[in-house]
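Fit chain B to the given chain A structure using the hints.
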Amino acid sequence: MKPIPVEAGLILAGILFMLGLISVLIRRNIIFMLISVEIMLNAAGLAFITAGARWVQADGQVMFIFILTMAAAEVSVGLALILQIYHQLKTLDSDAANKMRG
Amino acid sequence: MVTFYIAGSVAVLATIMVITRYNMIHALLYLVISFLAIAIVFHVLGAPFMAALEVIVYAGAIVVLIIFVIMMLNLKQESVDQERQWMSKKLLIGPAILSVILLAELIYIISTTESGAIEQPALDAKAVGLSLYGPYVIGVELSGILLMSGIVGAYHLGRQKKKVVHRFLEAQEH
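Taken in order, these protein sequences are the chains called A and B.
Numbered according to numbering that gives the first Met the number 0, the first sequence spans residues 0 to 101.
Numbered according to numbering that gives the first Met the number 0, the second sequence spans residues 0 to 173.
These aren't lab readings, by the way, just hints derived from the structure by calculation.
There is no bait here: all hints are sound.
Simulated pairs of lysine-lysine, BS3-like, Cα-Cα distance not exceeding 30 Å:
1. B:K89 <-> B:K75
2. A:K89 <-> B:K88
3. A:K98 <-> B:K75
4. B:K89 <-> A:K89
5. B:K88 <-> A:K98
6. A:K1 <-> B:K125
7. B:K89 <-> A:K98
8. B:K88 <-> B:K75
9. B:K75 <-> A:K89
Bound conformation, chain A alone:
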């Protein structure tokens, strides 16, 4: 079995991160923006795992567990915010929430 080059894993992580970034930039629907942030976090975790596998150290996987925890907490708070925005503004447009009114 031929070894996998580290560049391949890092480039895969970079491509996934870029796709998530493009999606954050072009979408106006706030749920799609949250999904794109998840894609980007996952790509960052992939980069950590690749680096951890290169030096056969457990630190990369530990960092992935922390990223996983953060993503879970972030998505729960984000979805609660989305529900609140939808109830107050009756839309999922992220441009609709650009005014701060106390």
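Frame of chain A, contents of chain B only:
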């Protein structure tokens, strides 16, 4: 080796489908495919426990949470049409081109530096556990605090506030 490239291509294709769908549920189904493909990549890279966590937490819990919220919002066909209207081709071109330029630079930087190969990818969950509860125990505690604040924040934000309006003021409200 081959499994890595196949799973990576599937992940990239599924992610492209995610960011181009108009229907939210279709996008989420492709997102599940993408997460499963990345789980296979983790397994090939020698992190089987992380592959299991990816399937359970990302493809299981997080996607189900988003699906529940979409069901609560009760979106109809109009939202799909609105999404199609919001996401115009003209809007897509500028950010996409600039991001692709940055990605090309990143690929150039990564591929010109010599960084070796993943030789014997075998790192079991025991080593991860020892590291997690040895030098990284402060991170575990901080994660606990983060999850606690997440619970409290989600409860506080998700609560529906009951509006109490006096019946004389109700006429002015509407």
